[in-house]
Amino acid sequence: MNTPQAIAIGCSAGGVDALKAVIGGFDAQMQQTVIVCCHTGSDTVELLCEVLQRVSPLPVIEAQERHRAQPGTVHLAPSGYHLLVEADRYFALSIDARVHYARPSIDVMFYSAAEVWREKLLGIVLTGGNADGASGLQRIRALGGTAIVQSPSSAEMPVMPQAALDIAGADYCVDLTDIAPLIHRLCLA
Amino acid sequence: MDAKELDDIEVALFIQAMQRRHGYDFSQYAPASLKRRVQQLADQLQCRTISGLTERMLHEPPLLPRVLDGLTVPASDMFRDPGLFRSLREQVLPMLASYPQINIWQAGCAHGQEVYSLAILLEETGLYERTQIFATDLSERALRQAEEGIYPAREAQQWSRNYQASGGTCSLADYYSARYNLIKLDQRLRRNVTFAQHNLVSDGVFCEAHLILCRNVMIYFSNVLQDRVLALFRDSLVRGGFLCLGLRESLDYAANAASLAPFDERLRIFRLASQAERKAP
Chain B
1 MNTPQAIAIG CSAGGVDALK AVIGGFDAQM QQTVIVCCHT GSDTVELLCE VLQRVSPLPV
61 IEAQERHRAQ PGTVHLAPSG YHLLVEADRY FALSIDARVH YARPSIDVMF YSAAEVWREK
121 LLGIVLTGGN ADGASGLQRI RALGGTAIVQ SPSSAEMPVM PQAALDIAGA DYCVDLTDIA
181 PLIHRLCLA
Chain X
190 MDAKELDDIE VALFIQAMQR RHGYDFSQYA PASLKRRVQQ LADQLQCRTI SGLTERMLHE
250 PPLLPRVLDG LTVPASDMFR DPGLFRSLRE QVLPMLASYP QINIWQAGCA HGQEVYSLAI
310 LLEETGLYER TQIFATDLSE RALRQAEEGI YPAREAQQWS RNYQASGGTC SLADYYSARY
370 NLIKLDQRLR RNVTFAQHNL VSDGVFCEAH LILCRNVMIY FSNVLQDRVL ALFRDSLVRG
430 GFLCLGLRES LDYAANAASL APFDERLRIF RLASQAERKA P
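These protein sequence lines are chains B and X, in that order.
Heads up, the first sequence is in this note's numbering, so the first residue is 1 and it goes up one at a time.
Heads up, the second sequence is in this note's numbering, so the first residue is 190 and it goes up one at a time.
In short, the hints are calculated from the structure, not lab data.
Even glycine gets a Cβ: it sits at the ideal position worked out from N, Cα and C.
Keep in mind that the hints are not guaranteed to be accurate.
[As the list claims (entries may be wrong)] Under the rule of at most 16 Å between Cα atoms (straight-line distance), these lysine to aspartate or glutamate pairs were calculated in the EDC-like manner:
| no. | chain 1 | residue 1 | chain 2 | residue 2 |
| --- | --- | --- | --- | --- |
| 1 | X | Lys193 | B | Glu86 |
| 2 | B | Lys20 | B | Glu119 |
| 3 | B | Lys20 | B | Asp43 |
| 4 | X | Lys193 | B | Glu50 |
| 5 | B | Lys20 | B | Asp178 |
| 6 | X | Lys373 | X | Asp363 |
[Said to hold, decoys possible] Label-pair ranges, simulated between beta-carbon atoms:
| no. | chain 1 | residue 1 | chain 2 | residue 2 | range |
| --- | --- | --- | --- | --- | --- |
| 7 | X | Ala354 | B | Asp178 | 22 to 28 Å |
| 8 | X | Ala201 | B | Gln70 | 27 to 33 Å |
| 9 | X | Gln233 | B | Leu47 | 50 to 56 Å |
One chain only, chain X, in its complex shape:
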């Protein structure tokens, strides 16, 4: 047996132990990137092997938040894919403006970069006062960081460029203060944001949303789990509600995508079709 086969056994045991010890099911995560994350986590926690990580996860309960964080949180940017934010600003939000109250669900908000991007967009389009943003993630550690809104200052230049390219009307610097090597987003931006833990694998519908953003989250999921989550989004959206995915996300193997009509195919914006418009299964 070579190193690769041994690793595979250790990862499988880790996933099983995680489920039985803490109730988190990672068995439907895409295997290649999950394996990479498990290995990195073992390295970061100075475990010699993945089995060593499994042992600590089983016997040191306070380690759980750190483990969940390592298994789930991707790197994100403010106004990543400026074209998408421009389309939200110019196409989608004007359509949502007719609702007296707008609910937005940011599913898998990680460290919150996109939540603040969204809040800025809503401020500048004058819709923020009647909007509620639900920002959810599996990782409580990520949620705490998202609430703080503190990021490395070296990111600010790229994020400013993204902001401008997305049609921003001010300067991104108007929304943060810089100190040392960090920037902190204006905390007024989160006055209508509710941060909450939610597990897309096991939790259900919790709000009626006009817009759901879940970008580059399902890329970590198997086809089966992706389809399950799409059903969850379908059941959470109001009729005509919008769903935004990452620009490279494919729905080609998801049966539940049939209820979603492309609004902008290239920018991966979809709309929940009314019952009559839905394709036959």
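Bound-form chain B, shown alone:
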């Protein structure tokens, strides 16, 4: 199997606690580029960056337009914009229409990340209340990437992981507490 170079994580309702569990379990040695799309409903992700930074061994920052996606760094999609990654791994933003009532949309981020990192991308869908992320995860798998879906039974809101399983399927479907150890196994191998 290809060691992932990048990890793309999507979540919505209940996502902050789930992200804390996953990102808090990261290893400081990780070299992967991490990008996160979390529907928050607030105007900025400043606070979310702070909350996650408290538990994360890696730096957590808001993804910046035209800046390069950094290895060993967690980047959050800004509120109100879709986050895309260009082929040269620079970030781009868009204010195109909402997808699944969401902007940022997980699908939009997953689609562009899938095309950049292809089989070296690890896509993860966590708790959430709608189907955003499912078709993006399908694209990730179609281009050779690996999919982890939080088991719906361990999710605060099972709709999103269930939709991902129904539409995209998964290489791994595990409980929330098992996701960080699984990421280590796949990334530090």
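For chain B, the structure is supplied; the task is to place chain X on it using the hints.
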């Protein structure tokens, strides 16, 4: 060859065909979002592939406005980023009030939400009678919709909240009439607005502006095109004139940004510096 590589060929051919057939150059648009828009357009026009879209674009000239619309028009809101409109109301417009005639260029006005926001702001600050707003967009379809000023009523609640948060002194409902599921902005608001087609990729300076708003337009452009457009804005602004960008727009890779001094860094308001203040290149 997989589906992704095939898509990339089709998008590249579409861009080339668009340029040669209709003279519109999209080669300097940011690739990821352009690809998404091309794919969506193909879906909306029920083309099985992007090549199918290319064929129709080449052979059905009446389709062009629809294609341009699909490739360029983002979703916008009235008083999006209320903090910016508050700053315009309280900081920027009072500084422009000393001019006998104020020219404002709204570049990339899309469906006009921001044009009407601006017109309301100018009415409430008593400056509208001596202001001319030039609202331009690449898409003629978008311009027609902007002129009409008709929007889905479901947006009105959020827009009202934005308006209040921006320091509005009346009620947003005073400026529109609602019917069925639609609202229509008071057409008196556009008495000093000129809507015109303008392509930031290829067209030049056309007015001397005291204030330019170009928010979340250049996010769709490459660094090269962004820099070109910034030069166009620099050459269009009066000395000390203001430029407003979207709140997440970065100028870190644009050499021509050197002539623009931050007026409010967080709200992405810049001012054209006088010659002496400009940083050496």
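Each hint tested on the structure:
1. X:Lys193 with B:Glu86: holds, 14 Å
2. B:Lys20 with B:Glu119: Status violated; Cα separation ~26 Å.
3. B:Lys20 with B:Asp43: violated, 20 Å
4. X:Lys193 with B:Glu50: Violated, at about 36 Å.
5. B:Lys20 with B:Asp178: holds, 13 Å
6. X:Lys373 with X:Asp363: The hint holds at about 11 Å.
7. X:Ala354 with B:Asp178: 22 to 28 Å: Hint violated: Cβ distance 43 Å, outside 22 to 28 Å.
8. X:Ala201 with B:Gln70: 27 to 33 Å: holds, 29 Å
9. X:Gln233 with B:Leu47: 50 to 56 Å: violated, 37 Å
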